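The lines below spell out each chain.
There are 2 protein chains.
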Amino acid sequence: MSSHSWFDIPRGSHFSLANIPFGIISIPSSTPHVATAIGDYALDLAIFAANNGFSAISTIQPHQAVFSEPTLNAFAALGRPIHSVVRKYIQSVFAKDTPYPEVLKTNSRLQKQAIFPLKEVQTHLPFTIGDYTDFYAGLNHAYNVGVLFRGPANALQPNYKHLPVGYHGRASSVVVSGTPIRRPNGQILENPAAEHKVPVLSPCKKLDIELELGAFVCRANRMGEPIPIGEAEESLFGVVLMNDWSARDVQAWEYVPLGPFNAKNFGTSISAWVVLADALEPFLVKGLENDTQVLPYLQEKKAENVYDIKLQVDLKTSSGQSSTVCRTSSRNLLWSFPQMLTHHSITGCPLEVGDLLGSGTISGLEPSERGSLLEQTENGKVSIKLSGEEERKFLEDGDEVTITGVCRFDDDALVGFGDCVGRIEPALKL
Amino acid sequence: MSSHSWFDIPRGSHFSLANIPFGIISIPSSTPHVATAIGDYALDLAIFAANNGFSAISTIQPHQAVFSEPTLNAFAALGRPIHSVVRKYIQSVFAKDTPYPEVLKTNSRLQKQAIFPLKEVQTHLPFTIGDYTDFYAGLNHAYNVGVLFRGPANALQPNYKHLPVGYHGRASSVVVSGTPIRRPNGQILENPAAEHKVPVLSPCKKLDIELELGAFVCRANRMGEPIPIGEAEESLFGVVLMNDWSARDVQAWEYVPLGPFNAKNFGTSISAWVVLADALEPFLVKGLENDTQVLPYLQEKKAENVYDIKLQVDLKTSSGQSSTVCRTSSRNLLWSFPQMLTHHSITGCPLEVGDLLGSGTISGLEPSERGSLLEQTENGKVSIKLSGEEERKFLEDGDEVTITGVCRFDDDALVGFGDCVGRIEPALKL
Chain A
1 MSSHSWFDIP RGSHFSLANI PFGIISIPSS TPHVATAIGD YALDLAIFAA NNGFSAISTI
61 QPHQAVFSEP TLNAFAALGR PIHSVVRKYI QSVFAKDTPY PEVLKTNSRL QKQAIFPLKE
121 VQTHLPFTIG DYTDFYAGLN HAYNVGVLFR GPANALQPNY KHLPVGYHGR ASSVVVSGTP
181 IRRPNGQILE NPAAEHKVPV LSPCKKLDIE LELGAFVCRA NRMGEPIPIG EAEESLFGVV
241 LMNDWSARDV QAWEYVPLGP FNAKNFGTSI SAWVVLADAL EPFLVKGLEN DTQVLPYLQE
301 KKAENVYDIK LQVDLKTSSG QSSTVCRTSS RNLLWSFPQM LTHHSITGCP LEVGDLLGSG
361 TISGLEPSER GSLLEQTENG KVSIKLSGEE ERKFLEDGDE VTITGVCRFD DDALVGFGDC
421 VGRIEPALKL
Chain B
1 MSSHSWFDIP RGSHFSLANI PFGIISIPSS TPHVATAIGD YALDLAIFAA NNGFSAISTI
61 QPHQAVFSEP TLNAFAALGR PIHSVVRKYI QSVFAKDTPY PEVLKTNSRL QKQAIFPLKE
121 VQTHLPFTIG DYTDFYAGLN HAYNVGVLFR GPANALQPNY KHLPVGYHGR ASSVVVSGTP
181 IRRPNGQILE NPAAEHKVPV LSPCKKLDIE LELGAFVCRA NRMGEPIPIG EAEESLFGVV
241 LMNDWSARDV QAWEYVPLGP FNAKNFGTSI SAWVVLADAL EPFLVKGLEN DTQVLPYLQE
301 KKAENVYDIK LQVDLKTSSG QSSTVCRTSS RNLLWSFPQM LTHHSITGCP LEVGDLLGSG
361 TISGLEPSER GSLLEQTENG KVSIKLSGEE ERKFLEDGDE VTITGVCRFD DDALVGFGDC
421 VGRIEPALKL
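As they're listed, the protein sequences go chains A and B.
The numbers in full-length UniProt numbering rise by one with no breaks, and the one at position 14 of the first sequence is 14.
The numbers in full-length UniProt numbering rise by one with no breaks, and the one at position 38 of the second sequence is 38.
Because the hints were derived from the structure by calculation, they are not lab data.
All figures in this text were calculated on a predicted structure; none of them were measured in a lab.
Please note that a few of the clues may not be correct.
Pairs count within a copy or across copies, as identical chains cannot be separated in the list.
[Unchecked claim] When the alpha-carbon atoms are kept at most 30 Å apart in a straight line, the in silico DSS-like pairs for lysine-lysine are as follows:
(1) K429 <-> K105
(2) K112 <-> K429
(3) K429 <-> K302
(4) K161 <-> K205
(5) K429 <-> K301
(6) K96 <-> K310
(7) K88 <-> K301
(8) K197 <-> K161
(9) K381 <-> K316
(10) K105 <-> K88
Whenever a hint applies, use it, and build me the whole structure from the sequences.
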């Protein structure tokens, strides 16, 4: 595939010709539509379709209505072979030596109608999310948190290397990048060590980030019929960056015996652009070594099953200064998305198009690679230093957290997600 | 309100004139519509509306399209004052001394068009459920389970009486009464006591029931804005019976540290008929005493905050013999649905119309009042006796479990839910 386009794609753009992610945009005068991002622009695929943009390719024509939908659900439901055709066709339309110059390259009318600067479009939640499940596949994170709460000898639970531990999350609280996150109120213990435990209702004092990837499901299984591991990849549409905001003090008090609840349901941010599994395939690598023999239903044929996406977390305080607080790679996972999906459905649980799977927090081995403040500050024992003499144990009001993630080809073309950003608003006064 | 109708409502019917529940039905030639149940019949409210059934009442006319929907979501979103008007109007249409005889009583054409024997209609899941949350408000259940796993001294966790413990469930696995439940496969430990824990993939061997109530949400709150306790009742549409099928062996292995997951996502059955909060209001009673001072945000004005619904669980084995395995009341809750809802949203979590809240398993104090086999058999240590020399530790293939629930007025009119039934199918061979 040519990495050269007739369209102006700046060096360092997340949205190179090798990417072609999908998302939902609107401009002030329009309803939300399916779009792709290329360089600094979005191509509205509903307008593109309505103006014969897909006329050169018969496979897509019967399905064009999906691009006028306000979510990616219908497009995703067409299945990976169609996603692949659409992506490759768009790549060919933007290629310098496009076989279809009349579609867009020499069609300045359609360029004006359908292409908008990313800065001027509003992005929307890409899917209607039926169910959201968050896993815990970041081995280093699970180990670090286990050490904090149970010590190194019992850091990982006995099940950890046998199955992708996960829990059901709150689908309604998943929001698109840019949505403000209000600091939650909740029950916390002001003195957790006290013998007599009496909670107070308070703004969360340990508001944290969780650096994750999310994957969207594009094929439903019937209730009662598990998705075999060999078919799991075909059920996965693509990937987003995810920040699973967490209220650590709420969590510590509430989570026994049924797991996190209110600590996790006030907001989960995802990137506006979903990068197709196809686009990420060149960046599949081996994940973390599992020294335990996993059961056959979780064994994948290929060893390269997780993505090597370079992830970064930046924290900008209300002073305006920004600091990078984490750099790591999404290869730091013990379980792949296909394994998570197959395990999720082994009971017969029905997965649906638009369901979201979270990887769990991703941390590398080094302190600077830890994907949560919980780990970086040892649950608030120590501070991390930021630019401009500032420091943090947990997030403060006005803090803006930005996650970025990119894969780089040898020719420096990038496959990235844009930003996943959220700014903390003060808690509601109750 | 007259308990006497011109319509034949058999003594002992769950669907007396005092009830008027709502559900979704279809007959072979129709799409699913909103309906109510009365006596042994269903009244299709879409057909009723299309034939001027609501012509006598101007409040409802602008909203009639909601009855042609395939779910109750749009009707529920109209709000409790409208539900109340619709219910009272339907009651008045069926009253012996109805002021609107021409609507149905003397309109045999519409009776034939819109009224169908319950035996001949197909019922459907009443709501599109965005999110499903299961609480743990059955104090006696929580205590019994706590004793089994942690002993009497630590049976209840320190948070239990301060907040309604809950966790996010799997919305896609909620099914309407009558849907078969396939025994799940999952990872279990064949020898949980062994020091070296190696799981196998196996059909669940500890398949259990959970006797619960469910409540549907009818008003959304914006993200970031909690629902005050004084407004929570207005956000609750009505109640269903619920069986939250549970795989105890899967749960025991998987649940640390993030709570139940696959043990709970293969099926949750609910009754087809949703009884309006209005219809249950006469049966509000004090719940279980909470000897802990709860925080002000959870304090309700009225002491009567839980329903006294007489609940019964029957188990019919493949031999055809049926045994009652539990009789109790839904008053055995420490927390009310308004308290659950308010706690759920205290962080700003957005609740949406059609969200389902489960009460948690309901057990009384006596062994015969325990709402799960886990409690009744002490996690499989002892058997319970059934009719015909049969016994059970957990559910076997072919077992059919039926939950019923009724409230009785002094004149013996009943407000009930019909059945919540599910039959266990053998596990899929993997």
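Q. Quick check: which numbered hints come out false for this structure?
A. Result: hints 1 and 2 break, sorted rising.
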